[in-house]
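In the numbering used here, the protein residues as written are 23 to 185.
Derived CB-CB ranges, DEER-like:
no.	residue 1	residue 2	range
1	P142	P118	35 to 43 angstroms
2	F51	P88	21 to 29 angstroms
3	P49	R86	17 to 25 angstroms
4	G78	K122	32 to 40 angstroms
5	T96	Q73	17 to 25 angstroms
6	T114	R86	20 to 28 angstroms
By construction, these hints were calculated from the structure, which means they are not laboratory data. For clarity, every value in this text was computed on a predicted model and none was experimentally measured. Every residue gets a Cβ at the ideal spot worked out from N, C-alpha and C, and that includes glycine.
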Amino acid sequence: MQLQRTVLVDQPATLLFDVIEAAEHYPRFLPWCAGAQIMARDDTVVSAELQVRWRGVAFRVRTRNPKSRPTAMTILLEDGPFRHFQGEWRLTPLAPDACKVVFSLDYAFASGVMTQLAGPVFNQVSNTLVDAFVARARALAAAAPALQQPQPQQPTQPPSPVD
Numbered sequence: 023m024q025l026q027r028t029v030l031v032d033q034p035a036t037l038l039f040d041v042i043e044a045a046e047h048y049p050r051f052l053p054w055c056a057g058a059q060i061m062a063r064d065d066t067v068v069s070a071e072l073q074v075r076w077r078g079v080a081f082r083v084r085t086r087n088p089k090s091r092p093t094a095m096t097i098l099l100e101d102g103p104f105r106h107f108q109g110e111w112r113l114t115p116l117a118p119d120a121c122k123v124v125f126s127l128d129y130a131f132a133s134g135v136m137t138q139l140a141g142p143v144f145n146q147v148s149n150t151l152v153d154a155f156v157a158r159a160r161a162l163a164a165a166a167p168a169l170q171q172p173q174p175q176q177p178t179q180p181p182s183p184v185d
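With the hints as extra help, turn the sequences into a complete structure.
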């Protein structure tokens with residue numbers, strides 16, 4: 023199965039990239055992600071294991087993802103029920119608060135049984151993935167100003183003169 027999706031997003035590429043890279047937070051906003059664990063992370067790669075559970079289908083997938091913040095991440099299969107699985111996120115900054123996102127994914131399950139059981143579920147997951155990441159970035163951006171608001175300062179009283 024091959025999928026490619028391109029969208030223009032009203033959020034900075036850095037924010038969207040950070041949402042994509044932070045797999046440990048996927049269970050908070052991806053309904054099919056029952057768990058996530060970062061196996062390794064540095065400036066050039068992130069490796070994660072995801073537990074997929076949706077509509078009676080459950081499996082684990084581990085990927086190793088070379089990255090170049092904030093413009094690219096490649097998704098490479100390390101372990102899972104796939105014959106092949108490779109994807110890529112490309113983010114092109116267009117303005118300080120806008121970017122172009124291109125997501126591509128090419129995969130096939132290793133067995134006919136998994137294709138029949140998980141194929142329709144995984145197709146739906148794949149087709150809604152970009153929208154879920156964009157919605158998460160927007161939610162984080164909307165919450166950020168409230169978190170960064172300066173606290174009002176209490177007016178200070180000049181010291182009382184002592185007689």
